[in-house]
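K.L.:
Starting from the known structure of chain P, fit chain A onto it as the hints suggest.
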Amino acid sequence: MAEFAILGILGIFALPFLLLTLFWAIYGIAMPLMFIWGMLTSGRNLDKMIEETNARERSTRATLGRDPLSTVDRWMVRSDVTNSGLIYASGVFGPSYWQLMIAWVNNLTGGSVTVFQKVISAGRAEVMQRLRENAIEAGWDDVVNVRIDTADMTPQSSQRGRIRGVEVFAYGTGIKYS
Amino acid sequence: MEQVVNGILVVNTETIPGKMITETLGVVSGSTVRAKHLGKDIFAGLKNIVGGELAQYTELLQESRQEAVGRMVADAMSIGATAVVNVRFATSAITAGAAELFAYGTAVKYE
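As you go down the protein sequences, you meet chains P and A in turn.
925 is the number of the first residue of the first sequence in our numbering; add one for each residue after it.
644 is the number of the first residue of the second sequence in our numbering; add one for each residue after it.
By construction, these hints were calculated from the structure, which means they are not laboratory data.
There's no promise every hint is true.
As the list claims (entries may be wrong) - Here are the simulated distance ranges between beta carbons: (1) A:Gly-723 with P:Glu-1057: 32 to 42 Å; (2) A:Phe-686 with P:Ile-1072: 23 to 33 Å; (3) P:Ile-960 with A:Ala-678: 25 to 35 Å.
Claimed, not checked - Far from chain A, some chain P residues (derived; all Cβ distances over 12 Å): (4) Ala-926; (5) Thr-984; (6) Pro-992.
All C-beta atoms, glycine included, are put in the ideal place defined by N, C-alpha and C.
Extracted from the complex, chain P is given alone in its bound form:
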C-alpha cells in the first residue's frame, strides 16, 4: 500500500514534465510539416483573403453608393445629427515562417520587402471592411474621424515562443442622421 502511495506522489510531480516533453515531441514533428504546409499555401491564402475582402468592400460600396468611412475631424456640417457613438474593429495578422524567410532574403538585397507590405495592407483592408460592417450592423449612417492604429504584437523582451504579428485596429465615431 505504501509503495502505491509513493508512486502516486511521484506521478503527480512527474506529470507536468511528462506532458511538457510530450508537447515538445509533438511540436518537433508538427513544426516542419506546418512549415512546408505554410510554404505551399500561405501565398495563395493571402491572395484569397485579399480577393475576398475586396469583394465584400465592393458589395458594401454598391449597396450604400459611397464609402461610409471618412477621416475628417469635424463631423459633416449637417444639423440633423441625432445620435453618435464609438465603434471599433480589430484583427491580428502575421506572416508565415516561409514569408519571414523570403523577407529575410529581401532584406539582404535591400529594396522593398513586398511580402510584409502585402500581409499588413491585406490586414488593414480587412479591418476597415469589418469597421464598415460593424457600422452598418449597428445602424450608423456614417463613420467620421476614423483612425487606424498598428501595434506590433511581438514583444522585444521574450526570445522564445514569440508571436510574429501585427495588430491592426480601426476606430471611429458612428453618426446617425434623422
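P.N.:
What follows is chain A alone, placed relative to chain P:
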C-alpha cells in the same frame, strides 16, 4: 446601437455631433492586461507558422478593449460626467500572449 455605455456617451470626435458641451471635467482613462490560456497560445503559435489571421489574439484584444473602455466609462461616471469625447487607444505587448490595452479620453458634461 451601443453608443451609450452605462449611460455615458462615448465618441472619438472633439465635439459631440448635434450636442453642446457645457463643462469639461478632465482626463479619464482605463487600462487592462489580459492573457489567453496556454492552449490558445499554443494554437496561435502553430497558426503563426502557417501565417494569416490569428483569431485567438484578435478575440483577446477585442475582449481587452471592451474591458478598458468599460473601466474608462466607470472612471467618467465616478466624477459625474455624461460623456467622454476624443477617445484614444494605445496597445502594447508586454510578453508573448499578454497585451496591455489603454483607453483614454476627456470627460465632459453636455446638454
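K.L.:
Would you mind marking each hint as holding or not holding in the structure?
P.N.:
We went through each hint and held it up to the structure:
1. A:Gly-723 with P:Glu-1057: 32 to 42 Å: Cβ of A:Gly-723 to Cβ of P:Glu-1057: about 36 Å, so the range 32 to 42 Å holds.
2. A:Phe-686 with P:Ile-1072: 23 to 33 Å: Holds, at about 27 Å.
3. P:Ile-960 with A:Ala-678: 25 to 35 Å: holds (31 Å)
4. Ala-926: Holds, since 35 Å exceeds 12 Å.
5. Thr-984: At about 19 Å from chain A, P:Thr-984 clears the 12 Å cut-off, so the statement holds.
6. Pro-992: Answer for P:Pro-992: holds, closest chain A Cβ roughly 15 Å.
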